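Asks: Kindly produce the complete structure, drawing on both the sequences and the hints.
Protein sequence lines correspond, in order, to chains B and F.
Here the first sequence is numbered in this note's numbering, starting from 3 and rising by one per residue.
Here the second sequence is numbered in this note's numbering, starting from 512 and rising by one per residue.
Hints may be right or wrong, so weigh each one.
Where chain F lies over chain B, by a calculated footprint (3+ residues, C-beta under 8 Å) [to be verified]:
| no. | stretch |
| --- | --- |
| 1 | 18-30 |
| 2 | 34-47 |
| 3 | 51-62 |
| 4 | 254-264 |
| 5 | 404-411 |
| 6 | 422-432 |
Because the hints were derived from the structure by calculation, they are not lab data.
On a predicted model such as this, the values are computed, not experimentally measured, just so you know.
The C-beta atom is built at its ideal place from N, Cα and C for all residues, glycine as well.
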Amino acid sequence: MTDTTQSTPRAGSLFARDARTDRRNAAEKRFRFYGLTAIAIGLVMLITLVTTILVNGVGAFQQSFVTLEVELLEAKLDKAGTRDLEKIKKVSTFGYVPLINAAFDKLAAEAKLENQLSGKNMGAILSKDAAAQLRDYVLANPEKIGQTITFTFLANSRIDGYLKGRVSRESIANDKKISTEQLDLADELRDLGVLKKTFNPDFILGGDASDQRPEAAGIGVSMLGSLFMMLVVLALALPIGVAASIYLEEFAPRNWLTDVIEVNIANLAAVPSIVFGILGLAVFINVLHLPMSAPLVGGMVLTLMTLPTIIISTRAALKAVPPSIRDAALGVGASKMQSVFHHVLPLAAPGILTGTIIGLAQALGETAPLLLIGMVGFVASNAPDSLAAGLMDPNSAMPAQIYEWAKRADPAFYERAWGGIIILLVFLIAMNTVAVILRRRFERRW
Amino acid sequence: MPLTWLILILFALAGLGYVAGRARALRSADGDPRKLHSLPAFYGWNAALSGLMPALVLLALWLFIQPMLIESRISGHVPADLIPDGSSRDLVMSDIRRAAHGLDKAVQTQLISAEAADGLNGDSTDLRALMGQVGIAIGNDIEPRVLAAAQQYRKLDSAAAGWMWIVVITAALIGHGLALKRTHLGFRARNTVERGILALLILAASIAILTTLGIVLSMLFETRNFFTLHSWSDFFFGTTWAPNFRGDSELSFLPLLWGTLYISFIALAVAVPIGLFAAIYLSEYAGKAMRAVAKPLLEILAGIPTIVYGLFALLTVGPMLVNVFGRGEDGLLGVDWMAGATSVLTAGVVMGIMLVPFVSSLSDDIINAVPQSLRDGSFGLGATQSETVRQVVLPAALPGIVGAVLLAASRAIGETMIVVMGAGAIAKFSLNPLESMTTITTRIVSQLTGDTDFASPETLVAFALGLTLFVLTLGLNVLALYIVRTYREQYE
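Replies: What follows is the structure in structure tokens.
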């Protein structure tokens, strides 16, 4: 017989709510609320991030251009009249600036512009690139000297900022590079249709420009640098990663050496990326004397960073292949290595591919190690002309280029940094989507 | 002739070896592959790889050792009086290297003939112009002895290259020959080839160890150099960080460690509550539809590159915080506590946003691993869902969650881009989160991308910082693993 406990029965029904139950229910509601709030905060942060990127970066894809008719005066460009290229080359870029100023004077007279600026001040609203662009054209087409050709020049970054709303008459109070009269001129030219804001393909395709010319800066050459680095990563990390995984998964005996290798791989996955940059600087550049800022070196550093990711995902893919496949192969007379390479590996290939694409996407966004091997500063100026040059010539990568632009502390460059981020994120979204689609398409349920 | 030719020749020889090996094996079996021990292809692979592998290894070793040997030879010949004051042997060596490289390029682009390059002497102005034409910039005029050393360098280099070709190709031919000799129908080709492939697999797996060794050794080497120039007790226990490019800098670790820990603390204070509660809600309360939508969206935050977060911190969060906490009359609170956009709070908050999916997905896995029987028992005793989570599930999952938090801390400590752009450059001990403070990773980037001479303590300190950072994050990871392994309840 059990002793009954002495506690008095509760007063009232279990179904009637008392204070304690109310408190507990309230606590339950609060707890759920906290959880929902946490998720909401996370999603709000995501939306804020995406909106900030889009709002700030979309402007970088458009640029202000000025359409101008310039008379290629023979008297200034080719005094002798011989059209000798060597003599024409002797006229420096400065020599072309008066032509532009004269074109502006002519435009002011013809369009009866209200402002009273001299040709020189009017010419200053163009980018510093304009004279160089004119010179390149004349050197390529010397027979056009003497004619009047219509050119489209980039406007300088202050005028561009004015058209995009970044620059206002109040904000340029202390700015030496632009005056309110030039802004008035910009208004008039815009009304005339001479100054227009249009889509600028050079942002996506062109190279970086010096910090005096944010309007001419583009991310195209850095994209090529990133591409070469991804090629190096693919060529190095995929074979090494798959080979290492096959060994660890299929052939490695359970001894201390295998444990050491596995612990090392797990550790490498957690090492900060800057340490890999230090490794790249100390070993690849100082000991092996590879060229600095070369995509080859960047690719090798990124390979070491991506290797743990690829090894982990490949091992998972190999583990997912059921033992019956291996046993069946052995049963028809294959050796262990033949069963792995001819049967297991092809079946694990989709998983390996997905893991590789995700690893590549992570490597594409890495910046810190690339800064240490020299991809800072004005390096991505000219597109490489061959595979060897692409690998060994100094170049930048997209994230490093974005960082470089952000460092220049010019609102025009900030806009370009946001635009570069949009392009980077487009690449990342594309790669991740391809990985997800491949995984869905080739997934097999054993 | 360039290196690619040599590699192509080696591969061509290997191809020939494959064909010859396979044919020889089939011939020894009178054309009937069933008499062979292995498939005919294996005999071919055996013949090909026996020549290719030793040759490639020899080539790699030669390419690695040759510059070192030549440099030490030339360096030994450089007399001490050739080194100008304030310079070093290394700089003279790099001048010699550049001059030799320039001469090579000049001969290659046919600016001067090979004989003329060998016969050049003394006339340094012409040499500078010549170098300028091939794109090599030489600062000072080249001394005739430096020029002589450069010409000797070129001679040694080309002689060594010639020898390399001979040795490597001979090794390949010997390898192929030996393999072909052994090829007959009883030879166990498949086993030999598979042993070779296994060796390659082991080599690939040991690259992980080589990488770790490389990281530790490279940093250890330069750190040792640093500690000969700067006292280690001052580095670890001193309290000021003030590098001075003229020398005699104060380089101490503690202010940087303080900045790093403070920012990581704020980041974890943001990430852990949000991540943990999000994980609890998603695994305990959320329906399938919500999970399918919310989880991938949170994962997107994890996939965004850190440079994006850095820019976000510098250009959006920073000015927003300045609007709230700074700008005196115009600000939201009307106070003037915050001067610039970079501060500990900016970097900490943005890093916290970055870590939310990290903490959330790790906690999610751990909470899901707690068996349902524990929850059912708790419900059976009359607990509400939140009481179950608070008093049963979380204590059961605690070791895993602590491990996840430590891993997130390790990630926060090693993060570079967000702090480079969001925190500042001033090293100080301060409790005010609205001031800008610098971290270990920021200083590594700034010291290694600055203009200081590589052998100076200001640059070498970056390696010491890197080694300390590596040890710190490694320690945290090992601690996390230890805690999880020791205190984890093994259910069923």
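Asks: Run every hint past the structure and note whether it holds.
Replies: Here's how the hints hold up against the structure:
no. : hint    : verdict
1   : 18-30   : holds (count 4)
2   : 34-47   : holds (count 11)
3   : 51-62   : holds (count 4)
4   : 254-264 : holds (count 3)
5   : 404-411 : holds (count 3)
6   : 422-432 : holds (count 4)
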